[in-house]
Amino acid sequence: MLTVDIQIHQPYALTSPLDLHARFELPAGRCLGIMGASGSGKTTLLHSIAGLLMPSAGVIRSGDSLWFDHKQAVQLPPWQRPVGLVFQDGRLFPHMSVEQNLRYGMPADLARIVLPEVVDILAIQPLLKRKPSELSGGEKQRVAIGRALLRQPSVLLMDEPLSGLDDQLKQQVLPYIKQVIATFGLPTLYVSHVGDEVAEVADEVFMLAQGQLRQAK
Amino acid sequence: MWNLSPAELAIVLLSLKVAACCVLVLLLPAIGMAWLLARKQFWGHALVDALVHLPMVLPPVVLGYMLLVLLGRRGWIGRWLYEQFHIQLTFHWWGAVIASAVMAFPLMVRAIRQALMQVNPLLEQAAQTLGASPAKTFLTITLPLAYHGVLTGGILAFSRSLGEFGATITFAGNLEGETRTLPLAIYSLTQSPEGDAAALRLVILSVLVSVAALLVSQWLERRLLRSQR
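Residue numbers (this note's numbering), protein chains in the order written: chain A, 11 to 227; chain B, 447 to 675.
Please keep in mind that the hints were generated in silico from the structure rather than gathered at the bench. We put the beta carbon where it would ideally sit given N, CA and C, even for glycine. Please note that a few of the clues may not be correct.
[Unchecked claim] Ranges between beta-carbon positions, derived for each pair:
hint: 1; chain 1: A; residue 1: Met64; chain 2: B; residue 2: Leu470; range: 38 to 48 angstroms
hint: 2; chain 1: A; residue 1: Leu63; chain 2: B; residue 2: Leu470; range: 37 to 47 angstroms
hint: 3; chain 1: B; residue 1: Ala496; chain 2: A; residue 2: Glu35; range: 52 to 62 angstroms
hint: 4; chain 1: B; residue 1: Leu621; chain 2: A; residue 2: Leu63; range: 56 to 66 angstroms
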């Protein structure tokens, strides 16, 4: 279970000043969709959960593990938070093969989520020896999802994973995302500005507007 | 004309040894300094940057003299090195390494810094979300992606060391078989009435060694780029 209750105050944000309050609980096996316009703070929220940004106040907890607590001055660095973050642009490492990318975040000891299973579900077996520059946009995102899963995360964060793809590619990748969520049962936060996409993936949809997270009707 | 005497061969080998050691000695400090200047903002950044680049604008003889004051046998640090460990850098080939390393430092830092600045910091961020500590991120993402800068910096430092004259002769001296590298040997030969032919041979050798170093660097860079594509 991921518990988030944070405030983010960014008076000098690039697009416009950001004042955000997010409060929700995300149980295992549930996918929470967050919709919002550009600049509403969707990415900022995900980055705060992943530890890439520090919220101004509040608490982030995953199960018994405290990731952030402003009052107790707890701020786990990103590399100590078991988070699988899929970025908008994939961010595959260009000097590594697909397989090396997939293995990058894998722990050395026993893993719940194993490489053959991920490769199979995402249908990326033929890509393993290729470099990211040899992949299409859809293939890159599938590899990025696989890489995030193999990190053995306790929560999966997807930051507009389809935004860089055309409609045809989106329709190709979307079933893989749904299957990943269904198969691994990870609490998943899916962020996008496209309503249909979020509705198709998420069990519950929230709107992020004027700094507030409200359940969509 | 082309038969090198054992003495001439020794000069070439000494020059190569000094240049190779110069690169090895510089590698870690140059990478560290380049990273500091490329990625960190701190009070005094501009001053550190200026100090790093000082050898590029100061006359080499001035740097050689400063090294002598600092590391010479009666120098501030040199005296202590000699008294504690019997280490004497002047009139020793390690002195030539230090002199050329000081001269080559800014070249290497500049090349690596440029390459580090081209590495997308978002990739480093991605590595950290995959559990990589800052050290692992640097070693597995940043440095491999900036490898061409390290290579270019190494070749620049090697070439600068091969051509280094002023700081070396001032600090390490011009001792045959110990600190007399190619430029110093050429200079010495031009001072002797009979040395023209030998000087010319060494000049041609200098050019050949430098061209070979540049060709090797281009070959390595091509290989590296191919492997990263």
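Hints, verified against the model:
no.: 1; hint: A/Met64 to B/Leu470: 38 to 48 angstroms; result: holds (41 angstroms)
no.: 2; hint: A/Leu63 to B/Leu470: 37 to 47 angstroms; result: holds (40 angstroms)
no.: 3; hint: B/Ala496 to A/Glu35: 52 to 62 angstroms; result: holds (54 angstroms)
no.: 4; hint: B/Leu621 to A/Leu63: 56 to 66 angstroms; result: holds (60 angstroms)
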